Amino acid sequence: MGVKNGEWTIRGVREALEGKRVSARELTQQFYSRIAQRNPELNAFLALCPERANAQADGIDRLVAEGKPLPPLAGVPFAVKDVISTRGVRTTCGSRILENHVPAYDATAVERIEQAGAIVLGKTNCDEFAMGSSNENSAYGPVRNPVALDRVPGGSSGGSAAAVAAGLAVAAFGTDTGGSIRQPGALCGIPAMMPTYGRVSRYGLIAFASSLDRIGPFATTVADVAAVLGVIAGRDPLDSTSANVAVPDYAAEASKPVSGMRIGIAKEYFAEGMDPAVRQRVEAGIEALKRLGCQPVELRMPHTGYAIATYYIVATAEASSNLARYDGVRYGLRVDGSDLRGMYKKTRGAGFGPEVKRRIMLGAYALSAGYYHAYYLKAQKVRALVARDFLEAFTKCDVVVTPTSPVPAFRLGERTADPLQMYLADIYTVTGSLAGVPGISVPCGTTPEGLPVGLQIFGPHFGEAQVLRVAHAIETA
Amino acid sequence: MKLSRDDVLRVAELAHLELTEAEVETYRAQLDSILTYIEKLNELDTARVEPMAGGTPAGVRGQEVERSGGQENPALREDTPGPPGAEIAEAVLKGAPDPSKPYFRVPKVIERES
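Protein chains in written order, with the numbering used here: chain E, 2 to 478; chain Y, 960 to 1073.
By construction, these hints were calculated from the structure, which means they are not laboratory data. Since the structure is predicted, the reported quantities are computational estimates derived from the model, not experimental observations. Fair warning: there could be bad hints in the mix.
[As the list claims (entries may be wrong)] Here are the simulated DSS-like cross-link-like pairs (lysine-lysine), alpha carbons at most 25 Å apart as the crow flies: (1) E:K382 - Y:K999; (2) Y:K1053 - E:K347; (3) E:K347 - Y:K1067; (4) E:K257 - E:K291; (5) E:K382 - Y:K961; (6) Y:K961 - E:K358; (7) E:K358 - Y:K999.
[To be verified] A short, non-exhaustive set of chain E residues, derived as facing chain Y with CB atoms under 8 Å: (8) Y198; (9) Y313; (10) G338; (11) D340; (12) G350; (13) Y366; (14) A380; (15) Q381.
By construction, the Cβ of each residue, glycine as well, lies at the ideal position given by its N, Cα and C atoms.
Just chain Y, with the same shape it has in the complex (with noise of 0.2 Å):
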């Protein structure tokens, strides 16, 4: 067994779930399971692989791209406000649990002794 009930409690917490009783041990019983099975990627030697963090592998032809105005990086622009305006603050407050514009309103953050 890899997976403890502190463990699933402890991640529950870092991820912000509340879980019942009966979730606790339902989940435990599954992540042991599926962590077991993850196991197999132990039996691959990676010392000396570099790891893949994106999308596209290292090599691939991807950006084939003019350089505009001698700019190095052409997935990043200048860090000037464009289109929409302010008018968006109105539809995205309208979909907030409690609005008070220009705000999203929030229980109180008490602290924690510990």
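If we strip away everything but chain E, and leave its shape as in the complex, we get (with noise of 0.2 Å):
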């Protein structure tokens, strides 16, 4: 577990820079000749922007020429997945319907890592609109596990987690909504983080399920995760969901001794349906906490079972709501009809992929007349119990931790027949999407066939500091 040898960090980026081993071009036209080579059979970006990533490089290189003190991300390749929206440069949401749609202005977590002097190198491949487990969603095509090409990356944001695991960045954005940072993050041998609903804005990310949604970093470390997440948190006038609630230095906090924190151990998330190398890695991860003085708690957490059913239908209710406005109106693809409800069919029949049909279709179903109290009333009392599970466990314990997928990364193609099978890839991450708590995967080794496997830490609300500390810990056990 911890970095592969000769891999960028950022504070590596920032030493060299400082020391001037490497200008800030020189690194970003490594990082795209990386790309050039690997990309191809990866697909993990769709769009480079190396115009905006040298004008960028060029001004951390002025700072070092002056010897002005260097912003937190100075220099450091960053990759955005293609749902979060970059001015000037393509955004397509993994989907047709966006495929030539070009932002007019940067999400605030882009502007914030820009302004740390993180260099944006390109957008890259998720699943449509955001929707999906595998990256096998994408309009684009899939994008294959840099660990194992004919296998998935995991999704949503299985281009960003491919990308940082193969090299092609040192820190990526991906978004989770049910597990789409996370389990990419553990399918791909990398930390993962989703922060606390509300901790990081989401002025800018096109929205899929707007109480769910959450953008956040992946990277090679946890101390890098933590950094990326102490420029990206705080509040944004511009979204009214982001907490007014101070930023710890995550840094910091994350590498303090885990000695006497009590991790919560649910046996709802170690029952049958695990994969037994995943279930053996992630006790083995349990252990080397118990090792470095953690105390083992036993929890239940009762409604776990009834997470997937619950999220399939708020996220799904949003999401119909949200995608309503894909119309071929104001911006994306537009194919003729004879009216202006013609228009609108015609467009999204043609524009949205069958996953997010699924998706746009089920939702409507269970908000529509007759149905509304039986579906979405009552899954957001469940959401509430789902919650309720957390807020319970943390008055016992700092963390609860779990493993963070039931399986490793499965081959392209073997769960696509399915859709609920494929929804049942987000058994664990789902409750803490629901209840808004923060979660990291974090890597804690790989199967027999060399298939990386993640643990997952969930914390209480705005507690990222005891999270990164557990990851932390297990990173370097």
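Please dock the two separately framed chains into a single complex, following the hints provided.
Next up, the structure:
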């Protein structure tokens, strides 16, 4: 567990720049060369923005030449998931319906990392509108897992996870609605964090489910995840759901010792359905934490088994509303129809892929007259119960530890025949999504075939510090 | 079977989705299977549970705010225009399928009988 030899970290980049061993321009060029070499087989990137990257790199090189202090992410090659708006850079959400969409503004999270000196290299592939668990729902082709090319990287942020795992970016943004940062992190073998709902501004994040969506970082180390989080967290007046809660020094918190911390282990997350190699690695991770002085606490989280059903009503209902805007009127694809409604129907019929259509219809059904109480309202109540499981757990422990994914990276095409099978890949991640709590996936070894396994750590709302602490302990164990 | 062909057609109409005949049956079967799975929520008695409507459950410390000038809800601001200004219209219209500044042009809306 830990950084592969020779790979860049945020600190490594900064030290190399300060020591004038490399310029930001040169480093940027190095990464573009790597991308040119590996992206054809991985399909991690959908668009590159070298002009913007070079301009940013030149700015950093000027600071170095003038001996000025460098901002926290200076020179860091960064990739951005294609559901996040970047001014002047094509943003497709992995969909045909936005094939030529160029945003007129940057997402706040993008603005913040660029202000901190990061170099946005390009936009990464993802499941269409962030709907998927394998990156096989992209209109632009699947992404391959760099660890095993016949396997999926996970989803929906498969492109960002693959890019970082393959050394094509030092850090990347993903988004997580039901597991879409954590699960690809687990399948590709890198740390991947979903912050608390409201911790990071959603301004500029093209919405899937507004009460669930979160932006979060992938990196090659927990320290780097903490560093990026520190830059992007915090109140944004442009997002009224962003929380006005102080941002701690996550990097400093992450390296504190874990001795005496209470780690909650809920039996609902360790029932059948888990690959035995995953179970073995996750249990070994828990043993490592015990050796470091953590106290295990047995928990019951009785609504865990209802989370998938709840999620696929709440998220799809919100999606049916959020995706109503793609109608051919103001942006994106337009397919002509005999009248206005005909145009809407043909545009959406042609522009959306099957998974998106499935979810829109499910959501519309759950909200429709006669069904709203039975489905949507019911799901909102069960959501409250899932959240209550976490609130009660955190009266007894500091973090809850679970596997991230029941299985390691599966083969391309293996789960695409039955949508429900794919949905069940999210079984351990959606609970935290519904509750609003933060969660990280941290690598904890590999299966006998060499496939990465992720251990998930949930914390209380705005408890990223303790989540990062335990993750860091796993990484260095 | 929970979901009929008519249900799918009705929902597709609500969602402004044009589907082929083959798609209607494929989605019907898939949505039926998903809705059957979702039935398990009925195992839970939620009569006395308050629905969770947003991203954060009730009772969570989420807003530690300075009260500014007596304003009660700091998530709201004065309803006055801020940046960007009118220049954003250029950028936005540039991406439109059929712009006619300052409008987005669309097919005629035809009155439907019924």
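Going through the hints against the structure:
{"no.": "1", "hint": "E:K382 - Y:K999", "verdict": "14 Å, holds"}
{"no.": "2", "hint": "Y:K1053 - E:K347", "verdict": "22 Å, holds"}
{"no.": "3", "hint": "E:K347 - Y:K1067", "verdict": "15 Å, holds"}
{"no.": "4", "hint": "E:K257 - E:K291", "verdict": "16 Å, holds"}
{"no.": "5", "hint": "E:K382 - Y:K961", "verdict": "22 Å, holds"}
{"no.": "6", "hint": "Y:K961 - E:K358", "verdict": "19 Å, holds"}
{"no.": "7", "hint": "E:K358 - Y:K999", "verdict": "23 Å, holds"}
{"no.": "8", "hint": "Y198", "verdict": "4 Å, holds"}
{"no.": "9", "hint": "Y313", "verdict": "7 Å, holds"}
{"no.": "10", "hint": "G338", "verdict": "7 Å, holds"}
{"no.": "11", "hint": "D340", "verdict": "4 Å, holds"}
{"no.": "12", "hint": "G350", "verdict": "3 Å, holds"}
{"no.": "13", "hint": "Y366", "verdict": "5 Å, holds"}
{"no.": "14", "hint": "A380", "verdict": "7 Å, holds"}
{"no.": "15", "hint": "Q381", "verdict": "3 Å, holds"}
Every hint, counting from the list given before, is met by this structure.
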